[in-house]
Amino acid sequence: GQQVQQSPASLVLQEGENAELQCNFSTSLNSMQWFYQRPEGSLVSLFYNPSGTKQSGRLTSTTVIKERRSSLHISSSQITDSGTYLCAMDNTGANTGKLTFGHGTILRVHP
Amino acid sequence: EAAVTQSPRSKVAVTGGKVTLSCHQTNNHDYMYWYRQDTGHGLRLIHYSYVADSTEKGDIPDGYKASRPSQENFSLILELASLSQTAVYFCASSGLNSGNTLYFGEGSRLIVV
Chain A
1 GQQVQQSPAS
11 LVLQEGENAE
21 LQCNFSTSLN
31 SMQWFYQRPE
41 GSLVSLFYNP
51 SGTKQSGRLT
61 STTVIKERRS
71 SLHISSSQIT
81 DSGTYLCAMD
91 NTGANTGKLT
101 FGHGTILRVH
111 P
Chain B
1 EAAVTQSPRS
11 KVAVTGGKVT
21 LSCHQTNNHD
31 YMYWYRQDTG
41 HGLRLIHYSY
51 VADSTEKGDI
61 PDGYKASRPS
71 QENFSLILEL
81 ASLSQTAVYF
91 CASSGLNSGN
101 TLYFGEGSRL
111 IVV
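In order, the protein sequences belong to chains A and B. When you line the first sequence up against my numbering, it's residues 1 to 111, in that order. When you line the second sequence up against my numbering, it's residues 1 to 113, in that order.
Be careful, since some hints might not be right.
In silico SDA-like links for lysine to any residue, alpha-carbon gap of 25 Å or less [to be verified]:
#: 1; chain 1: B; residue 1: Lys11; chain 2: B; residue 2: Arg109
#: 2; chain 1: A; residue 1: Lys54; chain 2: A; residue 2: Ser10
#: 3; chain 1: B; residue 1: Lys57; chain 2: A; residue 2: Ser10
#: 4; chain 1: A; residue 1: Lys98; chain 2: B; residue 2: Val12
#: 5; chain 1: A; residue 1: Lys98; chain 2: B; residue 2: Ser75
#: 6; chain 1: A; residue 1: Lys66; chain 2: B; residue 2: Asn100
#: 7; chain 1: B; residue 1: Lys57; chain 2: A; residue 2: Gln3
#: 8; chain 1: A; residue 1: Lys98; chain 2: B; residue 2: Thr20
#: 9; chain 1: A; residue 1: Lys98; chain 2: B; residue 2: Val88
#: 10; chain 1: A; residue 1: Lys98; chain 2: B; residue 2: Ala13
#: 11; chain 1: A; residue 1: Lys54; chain 2: B; residue 2: Leu96
#: 12; chain 1: A; residue 1: Lys98; chain 2: B; residue 2: Asp62
#: 13; chain 1: A; residue 1: Lys98; chain 2: B; residue 2: Ile60
#: 14; chain 1: A; residue 1: Lys98; chain 2: B; residue 2: Asp30
#: 15; chain 1: A; residue 1: Lys98; chain 2: A; residue 2: Ile65
#: 16; chain 1: A; residue 1: Lys98; chain 2: B; residue 2: Asp38
#: 17; chain 1: B; residue 1: Lys18; chain 2: B; residue 2: Ser7
#: 18; chain 1: A; residue 1: Lys54; chain 2: B; residue 2: Asn97
#: 19; chain 1: A; residue 1: Lys98; chain 2: B; residue 2: Gly17
#: 20; chain 1: A; residue 1: Lys54; chain 2: A; residue 2: Asn30
#: 21; chain 1: A; residue 1: Lys98; chain 2: B; residue 2: Gly16
#: 22; chain 1: B; residue 1: Lys57; chain 2: A; residue 2: Ser26
#: 23; chain 1: B; residue 1: Lys65; chain 2: A; residue 2: Ser42
#: 24; chain 1: A; residue 1: Lys98; chain 2: B; residue 2: Val14
Because the hints were derived from the structure by calculation, they are not lab data.
Only chain A is shown next, with the shape it has when bound in the complex (with noise of 0.2 Å):
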């Protein structure tokens, strides 16, 4: 089965909705990414987040470990926010790059 589950597939909103991105893990993780994936296809990180909540600008990450989830928040959308989300997890112990992806979020904002 799939190791990463993320929800919901799509999501559309209008611009200065906020939105809720989920990410599920059926494995034990010893960390975790969020990565953003523009309309043309490149990949930028967002958040290492082993733990906890981090911030940056209108984006939070919350992970929680011992219940195997993450959630990327991002509040007031707006149209370039666009693209596919990404969560991926690493569980080999060893800290690194070699990370399971799950499948996305497409995200859609609309004036």
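Once you have looked at the hints, place chain B on chain A.
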């Protein structure tokens, strides 16, 4: 700014031909990776390397070889390209000096015909 560059950015290859995808990083990172992305499968790890002159198999290594001749360079080699290897390939690097965050290249789109 961390930088990972890939070449070529796109390529059309013939079934049975040899394809080499190259990756260069200027991050001074020890770790480098090759991932492949397919619609419906997310990203999957093919090969990775912790140090020059050494490579390791990832989750889907069959049909691929890797080469790490120096800390900065990491290549992915398809000796006999097949239709099923049509995908977008991403190189990435990470290191303790950047908190183990993955830095990705722009991706290489490979179409095998």
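Can you list which hints this structure breaks, lowest number first? 3, 4, 10, 19, 21, 24
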